[in-house]
Amino acid sequence: MVEYNTRTGTRFGLHGGQYVPETLMNEINRLEKAYEFYKNDPEFNAELDALNRDYSGRPSLLYYAEKMTRDLGGAKIYFKREDLNHTGSHKINNVLGQCLLAKKMGKTRVIAETGAGQHGVATATAAALMGLECEIFMGKEDTIRQALNVYRMELLGATVHPVTSGTMVLKDAVNETMREWTNRCADTHYVLGTVMGPHPFPMMVRDFQAVISREARAQILEKEGKLPALVTACVGGGSNSMGMFYHFIPDAGVKLVGCEAGGKGIETEKHAASINRGEVGIFHGMKSYFCQDENGQIAPVYSISAGLDYPGIGPEHAFLYDSGRAQYVAITDEEAVCAFEYLARTEGIICAIESAHAVAYVQKVAGSMSPDEIIICCLSGRGDKDVAAIARYRGGDLHE
Amino acid sequence: MSKIAKAFENGPAFIPFLTAGDPSLEKTEEFIHEMIRAGADLIEIGIPFSDPIAEGPVIQEADIRALRAGTTPDGIFEMVARLRKTTDIPMVFLTYVNPVFHYGFERFCARCEETGIDGLIIPDLPFEEKSELDAITKRHGLDVISLIAPTSEDRISRIAVEASGYIYVVSSMGVTGVRSEIKTDLRSILSVIRNTTDVPAAIGFGINTPEQAYEMTRIADGAIVGSAIVKIIAQYGDAAGPKIYEYVKMMKDAIR
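Order-wise, the sequence lines are chains L and U.
For the record, in the first sequence the residue sitting at position 217 is 220 according to this note's numbering, with numbers rising by one throughout.
For the record, in the second sequence the residue sitting at position 104 is 216 according to this note's numbering, with numbers rising by one throughout.
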């Protein structure tokens with residue numbers, strides 16, 4: 004794989020690093036060594052390519068949203084359809100890579116955190132396919148909000164542990180999965196769901212997700228013969244956006260914009276906008292931007308989207324922000340819900356509420372751009388899981 | 113010489129831990145006096161953190177109680193300064209890297225020196241990342257306590273050779289908390305440490321009975337006990353003082 008010069012050792016600029024307990028250090032060193040070997044191993048890459056193609060359904064489509072383009076009256080809008088992947092989101096790209104690597108490393112068991120359940124479902128899927136034992140840690144609050152996904156994981160043969168510590172959401176699920184990994188790592192790989200955590204995770208997860216921009220860049224050149232003016236995606240921990248940005252980083256003319264969860268507004272305390280409202284900190288194995296209080300306690304965060312409900316952001320994003328290569332905007336719940344409904348009515352696509360944050364940004368800017376310009380927006384997932392919550396947001400009384 | 117060395121001068125050291133501010137800083141101060149009176153050789157004071165990933169449920173809950181009570185690093189520094197007026201026992205902080213980083217490494221270490229803290233234990237700041245803090249702690253006369261785990265293998269001697277104050281040997285896989293049995297081959301870990309450095313080594317994680325403490329101090333220079341004490345505090349709250357005294361005295365008597 005090609006690697007652009009964003010990383011030095013374990014860091015991206017001043018971000019990243021390996022801030023984990025000593026118990027895990029040899030394990031993450033072994034993981035790094037194994038990954039450095041297999042990422043250049045033709046057999047590993049051939050197996051992963053085959054899984055991506057034959058199991059997951061890659062390459063994903065680059066779809067020209069003609070009606071939306073006409074309606075907004077500006078730039079040409081394309082969607083990268085990660086929602087059409089097996090399991091319904093970009094999460095599968097990462098878990099197929101990590102589970103295959105875990106197998107090569109001789110691991111027999113995988114553990115993972117999940118927020119909304121998308122990463123948990125993807126991990127349980129890959130584990131079922133590859134014959135790995137699978138245990139998922141999910142905040143108790145989230146197991147209630149996303150009961151259907153809990154059952155889905157169980158159907159796939161995984162054990163789901165409701166996490167009752169702390170605030171009982173995604174960050175607590177990460178804490179608990181880390182704790183379980185320190186308890187048992189000899190036969191167990193931690194399939195981290197996003198471009199966060201200690202090195203090598205941010206690099207490795209980005210590489211597995213970079214398939215998104217590798218395809219999208221080739222597809223747009225084939226369709227339009229030129230590069231887009233704007234590439235945008237939603238950002239929680241930042242895996243779909245890192246994958247969507249990566250191969251466009253060297254293209255100086257391509258503007259990269261990440262859309263953070265603005266929740267009820269970044270002027271309130273109810274948001275998850277790590278870059279817009281957070282400060283540099285060190286947590287979950289990495290130095291990066293985190294929502295935290297005046298004493299360095301990690302702040303409870305909020306978003307209508309469980310997948311963006313995380314107090315930090317991957318270190319490579321923090322670096323892209325510091326260097327000015329990418330920009331990060333905050334999109335509120337209300338804007339995301341309107342975009343969710345707009346996309347459904349305009350293009351007949353029910354996208355994930357996470358992805359709707361990026362769609363909302365496209366709605367804001369497309370009209371002021373020229374028809375000669377192109378936007379690529381990543382539809383990271385499909386929205387079936389969100390339908391009931393959106394109905395409730397709009398005052399309905401719909402439960403799954 | 114490190115001020116911490118004093119803790120290990122008179123035979124095996126008993127090292128109790130408690131979370132500052134659980135249930136209140138006034139009570140923490142009282143509990144520490146009880147520990148000293150009962151024969152503790154060094155005190156580990158936890159600065160509560162919202163997400164203590166190396167801790168089991170008992171200390172996690174203590175952190176939540178302490179934070180709910182409004183405990184802040186500044187409040188803890190003031191408590192340490194008050195304690196220092198009446199005792200010269202070595203005291204170290206155990207906390208996570210973010211509260212220290214957020215306070216500012218330099219400012220935090222300067223406050224430690226001023227108030228009389230002798231060392232720092234930061235479970236999520238491994239050997240590879242300690243250089244950020246090293247020069248600052250040295251300037252302020254603080255020891256950064258190195259941790260060695262059952263999985264450290266080839267890293268043991270690398271860590272031990274740069275250790276100062278004491279070495280915290282993690283007895284078991286997983287997080288802090290009471291264990292009925294400690295299965296790790298601690299003897300071989302300790303022998304690598306002994307062959308590398310003269311810095312004392314204390315074993316922690318899981319120790320709660322006098323028998324365990326006795327056994328651990330036959331192979332190491334000290335025993336660290338956290339969760340068992342925090343449990344007493346959880347159970348007796350404001351009235352935990354005499355119970356802590358009894359427990360620490362029993363443990364110290366067992367290892368003499």
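There may be inaccurate statements among the hints.
Unchecked claim - Covered by chain L, according to a simulated footprint, are these stretches of chain U (three or more residues, beta-carbon under 8 angstroms): (1) 155 to 163; (2) 176 to 188.
To be verified - Residues from chain U shown here face chain L by an in silico Cβ test under 8 angstroms; the list is partial: (3) 240; (4) 261; (5) 298.
Bear in mind the hints are in silico, worked out from the structure with no lab data behind them.
For each residue, glycine too, the CB sits at the ideal point set by N, CA and C.
To see whether the hints hold, each was checked on the structure:
1. 155 to 163: holds (count 3)
2. 176 to 188: Holds: 4 residues of the region 176 to 188 of chain U have a Cβ under 8 angstroms from chain L.
3. 240: 5 angstroms, holds
4. 261: This hint holds: residue 261/U lies near chain L, its Cβ roughly 4 angstroms from the closest one there, short of 8 angstroms.
5. 298: At 14 angstroms from the nearest chain L Cβ, residue 298/U fails the 8 angstroms test, so the hint is violated.
Hint 5 from the list above is the single one not met by this structure.
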